[in-house]
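Using the sequences and the accompanying hints, generate a full structural model.
Here the UniProt record's numbering is used: the first residue of the sequence shown is 1, the next is one more, and so on.
Since the hints were derived computationally from the structure, they do not count as laboratory data.
Misleading hints may appear alongside valid ones.
Unchecked claim - Label-pair restraints from in silico Cβ distances:
{"id": "1", "residue 1": "T532", "residue 2": "T305", "range": "57 to 63 Å"}
{"id": "2", "residue 1": "Q9", "residue 2": "D315", "range": "51 to 57 Å"}
{"id": "3", "residue 1": "D356", "residue 2": "T532", "range": "21 to 27 Å"}
{"id": "4", "residue 1": "R5", "residue 2": "P349", "range": "43 to 49 Å"}
C-beta: ideal position from N, C-alpha, C; glycine also.
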Amino acid sequence: MSADRAPLQRALERGEEEGGPVEFKTRLTRDTHLADGRMESLAAQLRHRVLSGDGEATYVVGVDDDGAIAGISPDAFSESMDVLSLLADEADAHIEDVETWGIDGGDGTEGLVGVATVREGAMLEREDDEHVVVGTAGHVDHGKTTLVGTLVTGERDDGQGNTRSFLDVQPHEVERGLSADLSYAVYGFDGEGDTVRMDNPHRKSDRARVVQEADRLVSFVDTVGHEPWLRTTIRGLVGQKLDYGLLAVAADDGPTKTTREHLGILLATELPTMVAITKTDAVSDERVEDVEDEVEAMLREVGETPLPVDRHGIDAAIEEIGTVVPILRTSAVAGDGLDDLDTLFEALPKRDSDADAPFRMYVDRSYSVTGVGAVASGTINAGTVEAGDELLLGPMADGSFREVEVRSIEMHYHRVDQARAGRIVGIALKGVEEAEIERGMALLPRDADPDPVREFEAEVVVLNHPTKIGEGYEPVVHLETVSEAGIFTPEGGRLLPGDNGRTTVRFKFRPYLVEEGQRFVFREGQSKGVGTVRSIDT
Numbered sequence: 001m002s003a004d005r006a007p008l009q010r011a012l013e014r015g016e017e018e019g020g021p022v023e024f025k026t027r028l029t030r031d032t033h034l035a036d037g038r039m040e041s042l043a044a045q046l047r048h049r050v051l052s053g054d055g056e057a058t059y060v061v062g063v064d065d066d067g068a069i070a071g072i073s074p075d076a077f078s079e080s081m082d083v084l085s086l087l088a089d090e091a092d093a094h095i096e097d098v099e100t101w102g103i104d105g106g107d108g109t110e111g112l113v114g115v116a117t118v119r120e121g122a123m124l125e126r127e128d129d130e131h132v133v134v135g136t137a138g139h140v141d142h143g144k145t146t147l148v149g150t151l152v153t154g155e156r157d158d159g160q161g162n163t164r165s166f167l168d169v170q171p172h173e174v175e176r177g178l179s180a181d182l183s184y185a186v187y188g189f190d191g192e193g194d195t196v197r198m199d200n201p202h203r204k205s206d207r208a209r210v211v212q213e214a215d216r217l218v219s220f221v222d223t224v225g226h227e228p229w230l231r232t233t234i235r236g237l238v239g240q241k242l243d244y245g246l247l248a249v250a251a252d253d254g255p256t257k258t259t260r261e262h263l264g265i266l267l268a269t270e271l272p273t274m275v276a277i278t279k280t281d282a283v284s285d286e287r288v289e290d291v292e293d294e295v296e297a298m299l300r301e302v303g304e305t306p307l308p309v310d311r312h313g314i315d316a317a318i319e320e321i322g323t324v325v326p327i328l329r330t331s332a333v334a335g336d337g338l339d340d341l342d343t344l345f346e347a348l349p350k351r352d353s354d355a356d357a358p359f360r361m362y363v364d365r366s367y368s369v370t371g372v373g374a375v376a377s378g379t380i381n382a383g384t385v386e387a388g389d390e391l392l393l394g395p396m397a398d399g400s401f402r403e404v405e406v407r408s409i410e411m412h413y414h415r416v417d418q419a420r421a422g423r424i425v426g427i428a429l430k431g432v433e434e435a436e437i438e439r440g441m442a443l444l445p446r447d448a449d450p451d452p453v454r455e456f457e458a459e460v461v462v463l464n465h466p467t468k469i470g471e472g473y474e475p476v477v478h479l480e481t482v483s484e485a486g487i488f489t490p491e492g493g494r495l496l497p498g499d500n501g502r503t504t505v506r507f508k509f510r511p512y513l514v515e516e517g518q519r520f521v522f523r524e525g526q527s528k529g530v531g532t533v534r535s536i537d538t
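Structural data, given as structure tokens:
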């Protein structure tokens, strides 16, 4: 809910006039405003308002015809937005943005008033090869967040990490119930050689502008570098449908134990990865050379082929990534390597997408938005989702699924009518309370026949363990967005460090949606390993 009432005040001052771009509505209901004949008339009115406003109209909901603020209940406001979205679609337009304010009803209740910006043209989703998602990793204070902040804004850092604040938790994120664990950022390219960056990432409208204007988008999922929060980093790298990994190594520190752990996770999930040596401005050229040599040695130790861009060029990195690991020297302060990163991200191909498969999304987090209701966010694993779709949400603790309906979809705070595999989205759901949505649940088509499981067979590789893994071993299993204790029963009774073997994995507390072929990471203390689901035992 916005605290600044300036947009509302401006809309009220402009007033509602015949043929103008502003429309006052106390509320909109399905029964009244979508009835035969009425819907066509209101859609024509909306179309006229949009045209008179040079492609943009303003709908003020929760006010009387004379502009007096009335306020309506959250449920009534949510229904009004649903109806307005349908009217806009009928008029070949779409809702661009909605801001809401709480109004004291005087009787102890609070109503809502909101301003919806409606723009001409249906919201068309870009093709899959025009949206690349990159997950960042690296030790704390190695500059990965600062580097991303500089990339998406074009602003040089001040040497004190000021551009990292662009990805820190903002007031609107706190208001939406978002935790401070994973951060998200976006920039893009317009297809004519120009980069589309954010002027002020603190404004959600600025992120929405990038999504609207860019022909090609690059989204970043920025993970946490602190060792105690490795679980969160794993969730960011395993639970999102990433295309590439970006590992930051600071030139003033070099590769650390955490660096190696994050690299292991990136490679275990078969993610094409690049390494950015950051803070090159803070050390001598000789030190940069030494750190690059350390990075090359670290990569060769795990069977990867390093490709220093400084010696081989950015074109070679673009052509060979996936079979090699490009290494770039960068500085968010001096600007070194930023042009190469732009060139790389503009040219990197989208990895194989499951856009034609049935819709599936694992929930990473949930929150509630005033006037909208419960929102489930995450990265779409497969298929396409549209506003109005009927879906299943679950499994609940008892293994059942709940029928829900898609109210609306947002991508980086930009409202879209449709989203495809690989998109990071928030989906507003009708038919469920926010408190009922849990991380690890999945959204599926209404006609799906999901069969959640407590147990599955897997092939695992033990990366690190002080002794042997025997029957009853209980690590945390990270599969998609699921983070749950799993009980291992290895074939042959044990697994040793470095072993590749089979085991039964049984979730300790509840069932989840698991499919053959899914990759997962397991960890317990300093013990870590990776696995692949081979068969399902229902």
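Verification of the supplied hints:
no.	hint	in the structure
1	T532 with T305: 57 to 63 Å	violated (23 Å)
2	Q9 with D315: 51 to 57 Å	holds (53 Å)
3	D356 with T532: 21 to 27 Å	holds (23 Å)
4	R5 with P349: 43 to 49 Å	holds (46 Å)
Hint 1 from the list above is the single one not met by this structure.
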